[in-house]
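Enquirer: Sequence:
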Amino acid sequence: PNVKKKVAFIGSFFDPPKAKEAAVAQIDAGVDVIYAERFGVIEAAVEKKILAISNMSDQASLGPDTVITGPVWD
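Each residue of the sequence shown is one higher than the one before, counting from 61 in my numbering.
Source of the hints: derived by calculation from the structure; they are not laboratory data.
One or more hints might be untrue.
Within a straight-line C-alpha distance of at most 27 Å, the following computed DSSO-like cross-link-like pairs (lysine-lysine) qualify [unchecked claim]:
1. Lys66 to Lys108
2. Lys65 to Lys108
3. Lys109 to Lys66
4. Lys78 to Lys65
5. Lys64 to Lys108
6. Lys64 to Lys109
7. Lys64 to Lys78
8. Lys108 to Lys80
9. Lys109 to Lys80
10. Lys78 to Lys66
11. Lys109 to Lys65
12. Lys78 to Lys108
13. Lys80 to Lys65
14. Lys78 to Lys109
15. Lys66 to Lys80
16. Lys64 to Lys80
Beta-carbon label-pair distances, calculated as ranges [said to hold, decoys possible]:
17. Asp134 to Gly90: 27 to 37 Å
18. Asp134 to Ala85: 11 to 21 Å
19. Pro131 to Phe73: 10 to 20 Å
20. Pro76 to Trp133: 30 to 40 Å
21. Val106 to Lys66: 15 to 25 Å
22. Lys64 to Asp134: 15 to 25 Å
23. Asp88 to Asp134: 30 to 40 Å
By construction, the Cβ of each residue, glycine as well, lies at the ideal position given by its N, Cα and C atoms.
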């Protein structure tokens, strides 16, 4: 498959608005699926109607039709 990746660092361990802003920028740049390292990313994916992969906890409740999978840390 033809895969391209985009990476963004928000400079904070917890800043959901900034994470959402970075996610929206990536979505607007054409990403098809986004990996949600921080809160705010899934919210952007739901609003923009793209798929998301959560991280660290089950975040499917934030976007039942958006979050397709994600690791759960134990």
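Enquirer: Against this structure, judge whether each hint is valid.
Expert: Cross-check of the supplied hints:
1. Distance hint between lysine 66 and lysine 108 is fulfilled; the C-alpha atoms sit about 17 Å from each other, no more than 27 Å.
2. Straight-line distance between C-alpha atoms of lysine 65 and lysine 108 comes to about 18 Å, which keeps the hinted pair within the 27 Å bound.
3. A threshold of 27 Å between alpha carbons decides the hint, and for lysine 109 with lysine 66 the separation of about 18 Å falls inside it, so the pair holds.
4. About 20 Å separates the Cα atoms of lysine 78 and lysine 65, which keeps this hinted pair within 27 Å; it holds.
5. The suggested pairing of lysine 64 with lysine 108 holds, with an alpha-carbon distance near 19 Å, which does not exceed 27 Å.
6. Taken as a hint, the lysine 64 and lysine 109 pair is honoured in the structure, with Cα atoms around 19 Å apart against an allowance of 27 Å.
7. For the proposed pair lysine 64 and lysine 78, the alpha carbon gap of about 23 Å is at most 27 Å, so the pair holds.
8. Annotation: proposed proximity of lysine 108 to lysine 80 holds, straight-line Cα distance about 11 Å (limit 27 Å).
9. Between lysine 109 and lysine 80 the alpha-carbon distance is near 14 Å, which keeps this suggested pair within the 27 Å criterion.
10. A C-alpha spacing of about 16 Å is found between lysine 78 and lysine 66, which places the hinted pair at or below 27 Å, so the restraint holds.
11. For the hint linking lysine 109 to lysine 65, the alpha-carbon distance of about 19 Å falls within 27 Å, and the restraint holds.
12. Restraint check: the Cα-Cα separation between lysine 78 and lysine 108 comes to about 16 Å, which is no more than 27 Å; the hinted pair holds.
13. Simply put, lysine 80 and lysine 65 have alpha-carbon atoms about 18 Å apart, close enough for the 27 Å limit, and the pair holds.
14. A distance of roughly 19 Å separates the Cα atoms of lysine 78 and lysine 109; the hinted pair therefore holds under the 27 Å criterion.
15. A C-alpha spacing of about 15 Å is found between lysine 66 and lysine 80, which places the hinted pair at or below 27 Å, so the restraint holds.
16. Among the hinted pairs, lysine 64 with lysine 80 is consistent with the structure: their alpha-carbon atoms are about 20 Å apart, no more than 27 Å.
17. For aspartate 134 and glycine 90, the hinted distance range of 27 to 37 Å is satisfied, since their beta carbons lie about 35 Å from each other.
18. Between aspartate 134 and alanine 85 the beta carbons are some 32 Å apart, a value that contradicts the proposed interval 11 to 21 Å.
19. In this structure, proline 131 and phenylalanine 73 meet the distance hint of 10 to 20 Å, their C-beta atoms being roughly 18 Å apart.
20. Take proline 76 and tryptophan 133: their Cβ atoms lie about 19 Å apart, and the range 30 to 40 Å is violated.
21. For valine 106 and lysine 66, the hinted distance range of 15 to 25 Å is satisfied, since their beta carbons lie about 19 Å from each other.
22. Between lysine 64 and aspartate 134, the C-beta spacing of about 32 Å breaks the proposed range 15 to 25 Å.
23. Taking the beta carbon of each, aspartate 88 and aspartate 134 are about 35 Å apart, inside 30 to 40 Å as hinted.
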